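2 protein chains.
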Amino acid sequence: MKIAVAQLNFHIGNFEGNTKKMLRAVATAKKQGADIVCFSELATCGYPPRDFLEFDDFIRKAEHSVETLAKAAKGIAIVVGSPSRNPVVEGKDLYNSVNFLVNGKVKHVQHKTLLPTYDIFDEYRYFEPASEFNIVKYKGKKIALTVCEDIWNIGNENPMYDICPMDLLMKHEPDFMINVSASPFSYTHAEARIHVLKANVERYKMPIFYINHAGAQTELIFDGGSFVMSPNGNVFEEMVHFKEVIKTFNLTEVKKGKTSKLQPKGKMKRIHDALVLGVKDYFGKLGFKKAILGLSGGIDSALTLVLAVKALGKDNVRAVLMPSQYSSDHSIKDAVDLAENLGIQYDIVPIKNIYKTYMKELKPLFGDLPFNITEENIQARGRGMILMAMSNKFGHIVLNTSNKSEAAVGYGTLYGDMCGGLSVIGDLYKTEVFELCRWINRRKEIIPNNTITKPPSAELRPNQKDSDSLPDYDILDEILFQYIEKTQGPNEIIAMGFDPKLVKRVLRLVNINEFKRYQTAPVLRVSSKAFGMGRRMPIVGKYLS
Amino acid sequence: MKIAVAQLNFHIGNFEGNTKKMLRAVATAKKQGADIVCFSELATCGYPPRDFLEFDDFIRKAEHSVETLAKAAKGIAIVVGSPSRNPVVEGKDLYNSVNFLVNGKVKHVQHKTLLPTYDIFDEYRYFEPASEFNIVKYKGKKIALTVCEDIWNIGNENPMYDICPMDLLMKHEPDFMINVSASPFSYTHAEARIHVLKANVERYKMPIFYINHAGAQTELIFDGGSFVMSPNGNVFEEMVHFKEVIKTFNLTEVKKGKTSKLQPKGKMKRIHDALVLGVKDYFGKLGFKKAILGLSGGIDSALTLVLAVKALGKDNVRAVLMPSQYSSDHSIKDAVDLAENLGIQYDIVPIKNIYKTYMKELKPLFGDLPFNITEENIQARGRGMILMAMSNKFGHIVLNTSNKSEAAVGYGTLYGDMCGGLSVIGDLYKTEVFELCRWINRRKEIIPNNTITKPPSAELRPNQKDSDSLPDYDILDEILFQYIEKTQGPNEIIAMGFDPKLVKRVLRLVNINEFKRYQTAPVLRVSSKAFGMGRRMPIVGKYLS
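Protein chains in written order, with the numbering used here: chain A, 1 to 545; chain B, 1 to 545.
Keep in mind that a hint or two might mislead.
Copies of the same chain look alike in the list, so a pair counts if it fits in one copy or across any two.
What the hints assert, rightly or not - Using 30 Å as the maximum straight-line C-alpha spacing, the simulated DSS-like pairs for lysine-lysine come out as follows:
no.	residue 1	residue 2
1	Lys516	Lys290
2	Lys501	Lys61
3	Lys61	Lys352
4	Lys255	Lys137
5	Lys314	Lys261
6	Lys314	Lys356
7	Lys352	Lys393
8	Lys360	Lys393
9	Lys501	Lys205
10	Lys393	Lys256
11	Lys393	Lys542
12	Lys516	Lys105
13	Lys352	Lys516
14	Lys542	Lys501
15	Lys516	Lys280
16	Lys141	Lys314
17	Lys542	Lys529
18	Lys352	Lys363
19	Lys363	Lys289
20	Lys516	Lys529
21	Lys542	Lys310
22	Lys255	Lys363
Honestly, the hints are just simulated from the structure, not real lab data. Quantities reported herein were computed from a predicted structural model and do not represent experimental measurements.
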């Protein structure tokens with residue numbers, strides 16, 4: 001028996017596009033001689049469909065896609081994830097299901113049991129868990145179908161759940177497993193995934209075919225990394241990351257377990273590829289081509305620009321240099337050098353006159369009050385307005401250039417440097433921004449070395465440095481990591497040896513700046529805990545603040 | 001036996017403040033001769049605590065609050081909601097519990113069973129449902145304790161659930177029921193609540209004491225409306241809305257069921273009071289006093305200003321009039337009239353020079369391209385920047401003045417008129433804005449009649465009217481209501497008799513403007529479906545768009 005893994009990039013709600021793409025993949029798999037072709041979780045509607053699931057019309061369209069695919073299931077079986085209706089009145093209206101289509105019909109449906117409802121996941125908002133567990137028989141084989149999380153409580157060792165769907169399916173003595181997933185990227189997730197697949201294969205002594213999405217949906221980047229594992233626990237093949245692939249495997253070969261093809265796992269390479277895909281799909285799926293951003297000569301905008309050029313092509317990215325009276329000469333030079341290295345269009349629009357006009361118009365109200373954060377913000381917002389005006393006039397999307405460290409502590413201006421349609425590097429701490437820039441420059445100086453080596457500065461007042469108001473990024477980022485990714489409280493972090501005053505100050509800054517993050521662009525998620533849908537905090541809370 | 005209902009305004013994460021407030025209420029209830037004093041759901045930590053619940057430190061602090069309250073439970077019993085730990089490894093780490101404290105100890109704990117995970121609720125993200133159901137005996141009475149949603153599946157008639165906790169508690173033959181809740185306001189919710197309480201009382205033939213929060217937490221406004229109902233299904237007393245109250249009831253009197261005190265239920269009055277509380281608590285809980293907003297002479301900013309003055313006092317609200325070359329004379333006059341009616345400070349800052357400076361600086365890039373949305377947005381953003389500068393200089397929070405109709409279809413400028421820390425009327429359709437203004441003017445012309453009667457206009461180009469680009473608000477709002485509140489799809493709405501082209505255009509506008517709403521201020525929720533945490537939509541979706 002031959003099984004095709006179809007790792008594809010779907011578009012949420014684009015039923016027509018998704019179905020066409022799957023029909024083409026069915027044809028390809030047939031050509032490859034496949035007996036079964038497998039698509040990922042909720043492939044018909046894309047993942048995550050979020051509250052679109054509450055629209056009956058949306059579910060009807062998903063059902064229609066399954067019908068269309070069933071008609072194409074001739075001479076080949078199709079495994080595809082799609083929402084389906086719960087016929088029982090009690091409980092949630094829907095199931096998150098995997099369908100087995102063959103001979104023009106739906107032969108078998110298995111619902112998802114373990115519904116992730118944490119971090120970025122909201123599945124119990126929509127779905128009822130499965131209560132029945134059956135396998136499907138096809139061409140003399142018995143196949144256990146599961147959906148994503150259902151293989152993540154192997155042997156009941158996951159503390160979140162008290163049921164293990166594969167254990168229940170084992171009663172029917174399946175020959176192999178197919179798992180359809182929608183498992184988003186984080187830079188540690190590929191290892192976790194291999195670990196879980198191995199645990200399943202070792203427990204159940206049979207091959208597994210694991211099919212993930214490859215594509216980005218706003219914040220979430222699905223890295224693919226679909227997998228075939230042999231019954232002896234050896235990797236048979238890990239599919240390419242961040243790309244579509246349709247590949248057919250011979251079950252007999254997989255059982256022998258001789259091949260072993262893994263993808264490279266360097267943290268910076270993976271983050272780089274993830275962010276490039278994130279930008280590309282954000283634009284492509286919204287129907288935009290062109291990006292614009294403010295290029296300051298600093299490291300954050302430099303990195304954002306490099307990633308944008310990689311994603312969209314140099315002819316589709318434009319930079320604006322917007323020096324103020326506090327910009328240093330090297331800033332302009334560094335920015336120009338980078339723009340020229342990349343061969344992109346750039347313009348220089350000084351903000352001095354805009355700044356002066358604001359100050360003049362506000363003079364009757366401000367009187368002789370001293371220069372403070374207000375004047376800094378006016379500069380940042382003046383720049384934001386220029387970028388937005390360019391975006392409106394020429395149809396660009398503005399890319400936000402904030403990093404995770406500054407978003408965390410509120411070191412940024414709302415509607416100023418925090419503006420933009422997409423935050424490209426907002427899930428990278430400043431220390432990771434440096435690391436990724438060095439990785440990009442590993443063979444050739446693309447980002448001017450001076451951009452990387454000079455002390456970070458917002459350049460919004462004379463001789464300003466980030467270090468005037470923030471601790472060293474090495475220390476700041478470690479405290480932030482413990483608080484944000486590891487959900488450690490003040491006592492635990494202080495116990496690690498950090499200065500108690502500093503810890504309290506940093507945690508307070510994170511909490512009192514929730515109102516700023518609430519109003520900023522979606523952040524491409526690459527860590528296990530990004531700002532955005534996976535971290536939900538009260539604004540008016542008074543906790544550690 | 002005497003039971004005190006303590007309907008209080010808690011502050012998320014402010015354990016010290018919340019505990020002190022409860023200790024004062026315990027003293028008050030004792031003076032009133034109460035045998036039991038009842039607080040609401042998650043009263044120790046405030047509701048909704050959201051992801052703060054993932055911090056062990058946060059849970060320890062809640063536990064400490066319960067211990068402190070237990071020590072005060074002498075000569076009186078205390079009923080209080082608080083998160084508690086699930087000692088079993090499997091399942092979620094926490095329960096959402098109600099504690100019965102007496103004689104310095106926790107005498108009984110009942111966990112919540114029905115965990116709302118829809119709309120604004122995320123409870124299954126954090127909590128494990130109860131599996132044990134017991135009553136507590138106190139002073140010869142048997143008391144059934146439940147938490148909020150647990151009384152909302154009476155007789156298993158709620159299609160979302162398949163268990164009815166009160167049915168299970170009935171085995172123990174309780175004498176009366178206490179339900180601790182955190183049930184946010186919407187303008188239809190008070191009726192739903194009475195209906196549910198009545199259904200419980202009629203089924204179980206015993207009195208119920210229902211204790212809700214009274215206070216706003218960013219988007220969510222808890223209206224109080226705590227309730228005592230007699231076993232015959234008669235209202236004994238509905239507590240005041242939107243205010244704190246501590247009131248003691250004699251169980252014998254409640255059983256007789258003679259009193260019947262209900263609160264007024266006019267839609268506009270309730271919305272008015274809810275929004276005033278929403279503004280007041282947003283400022284108070286963040287530690288701010290002063291608001292600023294742009295006053296255009298139009299109806300949205302007029303209404304926002306009236307509500308802000310009511311919430312914060314006229315000395316704490318400042319308005320800025322920012323006319324452009326397209327502003328009409330009546331706009332300034334209407335704005336000035338309103339500011340003077342209210343007795344607030346206002347300033348006039350024309351944006352002509354700011355606009356001209358932008359256009360001059362952008363001229364080298366824009367060339368001779370014609371006036372379009374870009375120039376409109378520059379005006380709106382110029383105004384936003386002035387407000388933000390004032391806010392930075394003087395410590396105001398900027399109030400956003402967008403309404404739900406324009407937020408829905410994207411008729412607003414990101415970082416311009418969509419700026420601000422809090423959206424006050426963002427859950428009111430334009431037709432409701434008119435209705436509320438007329439209600440405010442019911443006795444006296446506070447908002448100039450001209451503001452209410454003139455055709456709505458953004459005044460960003462010559463002779464512009466909203467009706468140039470939008471359908472009549474009567475029709476638009478009805479389509480939006482069906483799509484947003486009622487989750488009806490295009491076919492269902494067209495079947496109601498609306499023009500198919502218009503329906504498709506409106507739904508498309510709603511969906512393609514998700515990116516704008518993503519970046520705007522939290523919206524005070526007064527309807528059953530507001531933009532914000534209760535409506536979660538993909539940005540890159542391609543559905544109806």
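Status of each hint after checking the structure:
1. Lys516 with Lys290: Answer is both; intra-copy 26 Å and inter-copy 18 Å each pass.
2. Lys501 with Lys61: Intra 56 Å, inter 20 Å, cutoff 30 Å: inter-copy only.
3. Lys61 with Lys352: Neither: 54 Å inside a copy, 50 Å across copies.
4. Lys255 with Lys137: Answer is within; shortest intra-copy Cα gap is 19 Å, inter-copy 63 Å.
5. Lys314 with Lys261: neither (33 Å within a copy, 71 Å between copies)
6. Lys314 with Lys356: Neither: 34 Å inside a copy, 32 Å across copies.
7. Lys352 with Lys393: So Lys352 and Lys393 pass the 30 Å test inside a copy (22 Å) and across (20 Å) alike.
8. Lys360 with Lys393: both (27 Å within a copy, 15 Å between copies)
9. Lys501 with Lys205: For Lys501 and Lys205, neither the intra-copy (54 Å) nor the inter-copy (57 Å) Cα distance is at most 30 Å.
10. Lys393 with Lys256: Result: close neither inside a copy nor across copies, 60 Å intra and 72 Å inter.
11. Lys393 with Lys542: between (42 Å within a copy, 24 Å between copies)
12. Lys516 with Lys105: neither (51 Å within a copy, 42 Å between copies)
13. Lys352 with Lys516: both (26 Å within a copy, 29 Å between copies)
14. Lys542 with Lys501: within (18 Å within a copy, 48 Å between copies)
15. Lys516 with Lys280: Answer is both: 26 Å inside a copy and 20 Å across each meet the 30 Å cutoff.
16. Lys141 with Lys314: neither (51 Å within a copy, 77 Å between copies)
17. Lys542 with Lys529: both (22 Å within a copy, 27 Å between copies)
18. Lys352 with Lys363: Classified as both; 16 Å inside a copy, 15 Å across copies.
19. Lys363 with Lys289: between (41 Å within a copy, 24 Å between copies)
20. Lys516 with Lys529: both (18 Å within a copy, 24 Å between copies)
21. Lys542 with Lys310: The answer is between: 25 Å across copies meets 30 Å, while 42 Å in one copy does not.
22. Lys255 with Lys363: Neither, since 78 Å and 68 Å both go past 30 Å.
Of the numbered hints listed earlier, those contradicted by the structure are 3, 5, 6, 9, 10, 12, 16, 22.
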